[in-house]
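Residue numbers are given in this note's numbering: position 48 of the sequence shown equals residue 982, and the series is strictly consecutive.
Keep in mind that the hints were calculated from the coordinates and are not lab data.
Here a beta-carbon is modelled for each residue, glycine too, at the ideal position from N, C-alpha and C.
Warning: the hint list may mix true and false statements.
Said to hold, decoys possible - Here are the computed distance ranges between Cβ atoms for each label pair: (1) PRO1098 x ALA1022: 55 to 61 Å; (2) ASP1040 x SER959: 17 to 23 Å; (3) ALA965 x PRO1053: 29 to 35 Å.
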Amino acid sequence: MSDADVSITDGVDTIGLANILEYDSGYTFAAFAGTSVHDNVRIQADLGYISSDFSGFSVPLPIEVTSGGLSGFYATGSVFFEAHLSEALTPYLGVGGGFFAPNVSDISVSDGGSTLDVPLKAADSVVPLIKLSAGTAYRISENLSVTADYSFLQSADFDIEIDPDPRAPTLVSDLTAHTFGVGLRYHF
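Assemble the whole structure, with the sequences as input and the hints as a guide.
Below, the structure is given as C-alpha cells:
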C-alpha cells in the first residue's frame, strides 16, 4: 500500500492538519474467480485482505509513531479486456468496483522518553472501492497460466474515531493502494 491519507476534521472542515499520517509499504492477499464471456472479455470476482503500518507524520512534530496501522478486507467485481497476442501471451486491462471494510489499529506515539497509546476505530464499517488493473498472463500448459499484474485501489473516505472519547476530533482517511502481484490462473 503506498498511501492512505489521514486528516483531522471538526465534522465539516479539515482543521489545520491534512494528510498528517504516512504509511509503510504493506502486503495484500487475494483470491480470484472468473470466467470468459467473450473471446476478449473476462469477468472476475476478487476477495482480498490488505494491510499497512503507520510509518510517521508528514508534518514536523516532536513525536514519532511506534505502532498502529490500517488493514481490511475487500471484495470487487471486475471486467477485463484481453488481447491474445499469441497462444501463450495475453495482456489485459480491467476496471471494477466493490467494497472495503476498514480496520484501524490503535496508534502508539513516542517523544523519545514516554509512549502514548491512542485507541482508534473505524466509524464506517464498509465504504465503496474502485479497482483498475493491468497485467499479463503467460500460458504454461493447456490449463495453467502464470500472471503478473498491477492494481490501483481507491476507497471513499471513511471516519476514524478516537475511542471512547466522543469529544475528540474525527479523523478522516481513505485507502489508496498500488499493488503488484504474481499468481497462477487455472483454466477449466
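Please flag the earlier hints that this structure goes against, numbers listed from lowest up.
none
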